[in-house]
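Based on the sequences and whatever the hints tell you, model everything.
Chains as they are written, first to last, in the numbering used here: chain A, 1 to 100; chain B, 1001 to 1474.
Derived by calculation from the structure, the hints in this document are not laboratory data.
Here the structure is a predicted model, which is why all the values come from computation and not from measurement.
It is possible that part of the hints are untrue.
[What the hints assert, rightly or not] Here are the simulated BS3-like pairs of lysine-lysine, each with C-alpha atoms no more than 27 Å apart in a straight line:
hint, chain 1, residue 1, chain 2, residue 2
1, A, K12, B, K1090
2, B, K1090, B, K1329
3, B, K1408, B, K1090
4, A, K12, B, K1329
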Amino acid sequence: MSNAISREEVAKVARLARLTLSDAELELYTEQLGQILGHALDMNSLDLSDVVATAHPFGVTNVVREDVITPSLDRETVLAMAPDAVDHRFAVPRILGEAP
Amino acid sequence: MKSAMQIAADVRSGVSSASAELERTLAVVEQRNAELNVFLYVDVDGARAAASVIDSRIARGENVGALAGVPIAIKDNLCQVGIPTTCSSKILEGWRPPYNATVLDKVIAAGAVPVGKTNLDEFAMGSSTENSAFGPTRNPLDPSRVPGGSSGGSAAAVAADMTSISLGSDTGGSIRQPAALCGLVGVKPTYGLVSRYGLIAFASSLDQIGPFSKTVTDSALLLEVLAGHDPKDSTSLPEAAPSLVVHVDDGVAGKRIGLVRELYQGADDSVVASVHAAAQALRAAGAEIVEMSIPELGLTLSAYYLIAPAEASSNLARFDGVRYGLRVKADDVTAMMEATRTAGFGAEVKRRIMLGTYALSAGYYDAYYGQALKVRTLTIDAFARAYQQVDLLLGATTPSVAFAFGDKTADPMAMYLNDVFTIPTNLAGDPALSVPFGTGEGNLPVGVQLLGPGRSEAQLFAAARVLEIADGRP
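Below, the structure written as structure tokens:
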């Protein structure tokens, strides 16, 4: 039986999820995800075209509150837990490349 | 070991004190934690200070609450101000939350003393605690076996008599399964009954926080404290906490209870025997037992293992090395995020993130995630039909008693199958609990599961109490 997911697809998914896989991991995950997805394909034997999808047990509705300013988390306390902060902000490595 | 009910009564009356109860807990932790790996962090100083405040308030004649001076263990995916909170993941190692989960505020306001954070499968993904980045927890009843998971540390804390009560979270059975494997009562409440604010999210439409305890009454007592509307959780039910303890001895006379084939079929003989014996005990207490089949439940495992990873892949996107925890340095931001996530997440978490990412990706969404959501609808409808015929449902919690380390780690599907009886109720959002009833292989406890429609917790506790008495724990 052909695997439900190919090695190339696993590599693509890992890239989308921002994960680096070794060759051995790629091999293992292709096999394991294939097994799990193969099991899941059982569901496709059912005709569910008339069934409405449910994403949430009780249906979620927007909850609003009065537009009143209340205290939020202290900025310095939060930033103290960040890997890097500069000028009261989270700091990250360069996002854009050098100008050509 | 005294029950939480007894500890609170003794502390209030002056027979004992919060400090004395805490020292007893700390002594047992000191004695057994190295062997069992229950707590990842013990807040000795904070807990001593909290206990001492409770004792002085009692000395002044104040009412300190329903859990006066009761030490409580907290699963390490619940935020507590200033206390390391890791989700048993290297990606959060060293992070200290700047706020309390609502349930922490609630137990503290009720007089309980949080003693520390308990081990779990990384980000609550697993059924044995073997996925923890900080080593597995051992089952106090047989240290060669797993305590179950993902809330294995919280279950082991109570089973090892470290605390009388603890907090866990249940996405597909993560409270009920370890409760069954450790011989405890464990409750997955109605979705929305307990605020999820400050619970680090795994699968938001499935996660619920709930109690562990040795006695049915203690779980009812703790759930009364945990429940109630919270404006900080938009999925929190807009209603007051229900009264539960007063209904624990209501019994089951006149109740109709469905014995559901799909909820014990395929389990070990000793488990099936316990389920049938539990049905007999409920019948002897005046319930009518109705044998039922709900074929839709056979589809729920597949649906769950797409829905939960899909939600997880989205929820865990926030762990990118920017705002908390680990950062692996790299030249640009994408490389930094990828290096951080690769180093920070364990194998099972990566597996589920990829599974979820795939199920949600263009071209596969309809075949996997879309189909799973439709199966979720079928599950909800099937339960609703069942509850038109009966008040509660009965089945097994797990297919077997506690298993040995390494038994199921090589094969993810084998581990997932452990959740086959607990998953359906999470998809429906309904409550369920596990209560010990009888024993199986190695004289280890068997848990039977009681399920009910939304907001039926009081009836579930009453039925569980009948089983507790029938099993010899009056």
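Evaluation of the provided hints:
The hinted pair formed by K12 of chain A and K1090 of chain B meets the criterion: a straight-line CA distance of about 25 Å does not exceed 27 Å. Simply put, K1090 of chain B and K1329 of chain B have alpha-carbon atoms about 15 Å apart, close enough for the 27 Å limit, and the pair holds. As the CA atoms of K1408 of chain B and K1090 of chain B are separated by approximately 23 Å, the hinted pair is consistent with the 27 Å bound. Proposed proximity of K12 of chain A and K1329 of chain B is supported: the alpha carbons are some 23 Å apart, at most 27 Å.
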